[in-house]
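Make a model of the complete structure from these sequences and hints.
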Amino acid sequence: MPEHEDSVGFVSYEEAVKSLLLQDKYNQLMVDSYLDSEPAKAARRYEHSEEFEEIKCILKKRGFNSGVVLDLGAGNGVLSYALAQSGYEVKALEPGDGAISGRGAIQSIQNKTGVFFDVISGWGEDIPLKDESVNIVV
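Taking numbering that gives the first Met the number 0, the leading residue of the sequence shown gets 0, the next gets one more, and so forth.
In case anyone wonders, no lab produced these hints; they're calculated from the structure. Beta carbons are placed, not taken as given, at the ideal position from N, Cα and C, and that holds for glycine. Keep in mind that a hint or two might mislead.
What the hints assert, rightly or not - Taking CB as the label site, the calculated pair distances span: (1) Val10 x Ser85: 30 to 36 Å; (2) Gly72 x Asp130: 17 to 23 Å; (3) Asn64 x Phe9: 39 to 45 Å; (4) Ser48 x Lys129: 30 to 36 Å; (5) Lys24 x Gly66: 40 to 46 Å.
As the list claims (entries may be wrong) - Heads up, simulated BS3-like pairs for lysine-lysine below, C-alpha to C-alpha not over 30 Å straight-line: (6) Lys59 x Lys40; (7) Lys24 x Lys40; (8) Lys111 x Lys24; (9) Lys17 x Lys40; (10) Lys60 x Lys129; (11) Lys40 x Lys111; (12) Lys55 x Lys111; (13) Lys40 x Lys55; (14) Lys59 x Lys111; (15) Lys60 x Lys40; (16) Lys17 x Lys111; (17) Lys129 x Lys59; (18) Lys129 x Lys55.
And the structure:
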């Protein structure tokens with residue numbers, strides 16, 4: 000993917016999240032978005048959320064009670080963590096390496112929870128997996 004650092008006014012997603020975390024008026028927004036400064040806490044909270052319960056219901060209604068899941072654009076990994084905790088084999092594809100919103104956050108979740116799944120550096124336009132190697136893409 001092209002680098003954007005030379006663009007005028009460009010702020011990365013990670014930088015934007017860090018900026019919002021520093022502003023008290025956005026505290027609740029960041030917690031509600033599972034982007035708090037402690038990714039493992041956010042992941043545990045997400046695992047027990049209404050949002051994730053709904054995702055599990057949708058997957059089960061479609062016959063996906065287990066299987067290999069590709070979390071495309073995994074972000075901070077809260078969904079990947081919750082799916083792994085629910086028995087799915089997870090492959091988290093994330094291009095960013097950020098500590099709050101990228102692979103760094105995913106690594107932090109894994110280290111603090113002991114829940115491990117594949118983390119792949121890459122973009123959705125060029126997924127480094129064999130065709131038909133996953134059952135579900137989220």
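Q: Assess, step by step, whether the Cα of Lys129 is no farther than 30 Å from the Cα of Lys55, and give holds or violated.
A: holds, 25 Å
Q.
Next pair to validate is Lys59 with Lys40; report whether the Cα-Cα distance is within 30 Å.
A. Holds: Lys59 and Lys40 sit about 26 Å apart, inside 30 Å.
Q) Is Lys24 close enough to Lys40, meaning Cα to Cα at most 30 Å? A) holds, 20 Å
Q. Going straight from one Cα to the other, do Lys60 and Lys40 come out at no more than 30 Å?
A. Status holds; Cα separation ~29 Å.
**Q.** Verdict for Lys24, Gly66 (Cβ pair) under range 40 to 46 Å
**A.** Check passed, 42 Å falls within 40 to 46 Å.
Q) Given the proposed pairing of Lys55 with Lys111, does the C-alpha separation stay at or below 30 Å? A) holds, 24 Å
**Q.** C-beta pair Ser48, Lys129: status relative to the range 30 to 36 Å that was hinted
**A.** holds, 32 Å
(Q) Lys17 and Lys40 were given as a pair; does the straight-line alpha-carbon distance stay at or below 30 Å? (A) holds, 17 Å
**Q.** Distance restraint between Lys60 and Lys129, which requires alpha-carbon spacing of 30 Å or less
**A.** Distance ~26 Å between Lys60 and Lys129 Cα, so the pair holds.
Q: Look at the Cβ atoms of Val10 and Ser85 and judge whether their distance stays inside 30 to 36 Å.
A: With a Cβ separation near 34 Å, Val10 and Ser85 satisfy 30 to 36 Å, so the hint holds.
(Q) Tell me if the straight-line CA distance from Lys59 to Lys111 falls inside 30 Å. (A) The hint holds at about 29 Å.
Q | Holds or violated: Lys40 to Lys111, with C-alpha atoms at most 30 Å apart | A | holds, 9 Å
Checked against the numbered hints listed earlier, the structure breaks none of them; every hint is satisfied.
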